[in-house]
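Protein chains: 2
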Amino acid sequence: MPPKGELTRQKILDAASQVFWRQGFSATSINDLLAATGVTKGSLYFHFPGKDEIGLAVLRQERERFLAFVDASLSGSSPGAALDSFFSAALTQHRDNRFVGGCLFGNTALEASDTAPVFAELVAGVFADWQQRLQGWIARAQEGGEIRPDLPAGQLAEFTVSALEGAIMQARLTKQEGPLARCMTTLRTLLNLKPSVQRSFQ
Amino acid sequence: MPPKGELTRQKILDAASQVFWRQGFSATSINDLLAATGVTKGSLYFHFPGKDEIGLAVLRQERERFLAFVDASLSGSSPGAALDSFFSAALTQHRDNRFVGGCLFGNTALEASDTAPVFAELVAGVFADWQQRLQGWIARAQEGGEIRPDLPAGQLAEFTVSALEGAIMQARLTKQEGPLARCMTTLRTLLNLKPSVQRSFQ
Numbered sequence: 006m007p008p009k010g011e012l013t014r015q016k017i018l019d020a021a022s023q024v025f026w027r028q029g030f031s032a033t034s035i036n037d038l039l040a041a042t043g044v045t046k047g048s049l050y051f052h053f054p055g056k057d058e059i060g061l062a063v064l065r066q067e068r069e070r071f072l073a074f075v076d077a078s079l080s081g082s083s084p085g086a087a088l089d090s091f092f093s094a095a096l097t098q099h100r101d102n103r104f105v106g107g108c109l110f111g112n113t114a115l116e117a118s119d120t121a122p123v124f125a126e127l128v129a130g131v132f133a134d135w136q137q138r139l140q141g142w143i144a145r146a147q148e149g150g151e152i153r154p155d156l157p158a159g160q161l162a163e164f165t166v167s168a169l170e171g172a173i174m175q176a177r178l179t180k181q182e183g184p185l186a187r188c189m190t191t192l193r194t195l196l197n198l199k200p201s202v203q204r205s206f207q
Numbered sequence: 006m007p008p009k010g011e012l013t014r015q016k017i018l019d020a021a022s023q024v025f026w027r028q029g030f031s032a033t034s035i036n037d038l039l040a041a042t043g044v045t046k047g048s049l050y051f052h053f054p055g056k057d058e059i060g061l062a063v064l065r066q067e068r069e070r071f072l073a074f075v076d077a078s079l080s081g082s083s084p085g086a087a088l089d090s091f092f093s094a095a096l097t098q099h100r101d102n103r104f105v106g107g108c109l110f111g112n113t114a115l116e117a118s119d120t121a122p123v124f125a126e127l128v129a130g131v132f133a134d135w136q137q138r139l140q141g142w143i144a145r146a147q148e149g150g151e152i153r154p155d156l157p158a159g160q161l162a163e164f165t166v167s168a169l170e171g172a173i174m175q176a177r178l179t180k181q182e183g184p185l186a187r188c189m190t191t192l193r194t195l196l197n198l199k200p201s202v203q204r205s206f207q
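For the protein sequence lines, the chains are A and B, in the order given.
Quick note on my numbering: the first sequence kicks off at 6 and runs consecutively.
Quick note on my numbering: the second sequence kicks off at 6 and runs consecutively.
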């Protein structure tokens, strides 16, 4: 069993993650974090020097969780099926969240790009890691004739990340799954993802 | 010549627009706005009750400017050429801004979606208006054989908006035009935009 201090630190991170995700980093005060975590100010400052350090620790934790989710959902009977499975898993996750919060990394990108270089660099790394994973599977799907071969896998992976981030933004804005679900349908068609590997995901 | 009060109001809106665009709405204080506009606190509060009202007035002003930009750049010798021209104009604009600021509406979407319904509704309206314009030109391009006809124009327009918003996010995050320029190249290919209407835009 981890020591009590570690449990408290984890409790702060998990609660802070939820608050940042819904209302953004800038709009969150230390008092918001105290209310969400239920710990005392003394305890919070014992574990973290300030809000920036909590923000960075949250992003590092969520990076690991997100990349583990990507790796776990990229699985199937073929590379094309793995990509299809990832699309379905991402839609399910956002649907389960009722399109609240969106993507923590996309949110942070738009908050931090011009004002907080350390945050921006960390988030850029998450997108690069995600894109690299997709690129590998897209390249293998292209080799197997499951995705159109006329565009480089890296270019399609970068495009897929952009399209998904934009669609998550629209779904979150309107609180409707349509923009994200249709984005995935459109991506499947535009990539010529082999129909036999596509699950019914509506 | 407009009366002095109107000039001051406009001066506040233009300066506030720049500050919100770069650092976000939540991270901007009234003091930031006073520093950026150069007006006194009394003058600022004479024109606007508070930050929320300035934010809404900025969004309304920028909505008109953005839709005028969309309409002006959607022009060419054919519907496909008009769409191509819009892509080029959007890239040029973000390049001229050195990928600072990104898209004010996308930024606001991610800040306001779960916390500020009035802002979210206004931004959702901007995206709907933009999408509707693209849909009209895509439908005409499809009729003229300049864009693939196998997906509904509305679905392709929604997808294009999502892809561009995601790519603007990535370009702003990395301060490189690559993600946005490649997104447009990829879109042209995936939409089967007739090569003869495509400008060289690198």
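Calculated directly from the structure, the hints in this document are not laboratory data.
This one's a predicted model, so the numbers in the text were calculated from it and none came from an experiment.
Check the hints yourself; a few may be wrong.
Treat identical chains as interchangeable: a pair holds within one or across any two.
Calculated cross-link-like contacts (lysine to aspartate or glutamate; reagent style EDC-like; alpha-carbon spacing at most 20 Å) [unchecked claim]: (1) Lys199 with Asp155; (2) Lys199 with Glu148; (3) Lys16 with Glu148; (4) Lys199 with Asp57; (5) Lys180 with Asp119; (6) Lys16 with Asp37; (7) Lys180 with Glu126; (8) Lys16 with Asp76; (9) Lys199 with Asp101; (10) Lys180 with Asp134; (11) Lys199 with Asp119; (12) Lys56 with Asp19; (13) Lys199 with Asp37; (14) Lys180 with Glu67.
Hint check:
{"no.": "1", "hint": "Lys199 with Asp155", "result": "both (15 Å within a copy, 16 Å between copies)"}
{"no.": "2", "hint": "Lys199 with Glu148", "result": "within (12 Å within a copy, 27 Å between copies)"}
{"no.": "3", "hint": "Lys16 with Glu148", "result": "neither (45 Å within a copy, 57 Å between copies)"}
{"no.": "4", "hint": "Lys199 with Asp57", "result": "neither (45 Å within a copy, 49 Å between copies)"}
{"no.": "5", "hint": "Lys180 with Asp119", "result": "between (27 Å within a copy, 9 Å between copies)"}
{"no.": "6", "hint": "Lys16 with Asp37", "result": "within (14 Å within a copy, 34 Å between copies)"}
{"no.": "7", "hint": "Lys180 with Glu126", "result": "between (29 Å within a copy, 11 Å between copies)"}
{"no.": "8", "hint": "Lys16 with Asp76", "result": "neither (25 Å within a copy, 50 Å between copies)"}
{"no.": "9", "hint": "Lys199 with Asp101", "result": "neither (27 Å within a copy, 40 Å between copies)"}
{"no.": "10", "hint": "Lys180 with Asp134", "result": "between (28 Å within a copy, 18 Å between copies)"}
{"no.": "11", "hint": "Lys199 with Asp119", "result": "neither (40 Å within a copy, 37 Å between copies)"}
{"no.": "12", "hint": "Lys56 with Asp19", "result": "within (14 Å within a copy, 31 Å between copies)"}
{"no.": "13", "hint": "Lys199 with Asp37", "result": "neither (48 Å within a copy, 53 Å between copies)"}
{"no.": "14", "hint": "Lys180 with Glu67", "result": "neither (23 Å within a copy, 24 Å between copies)"}
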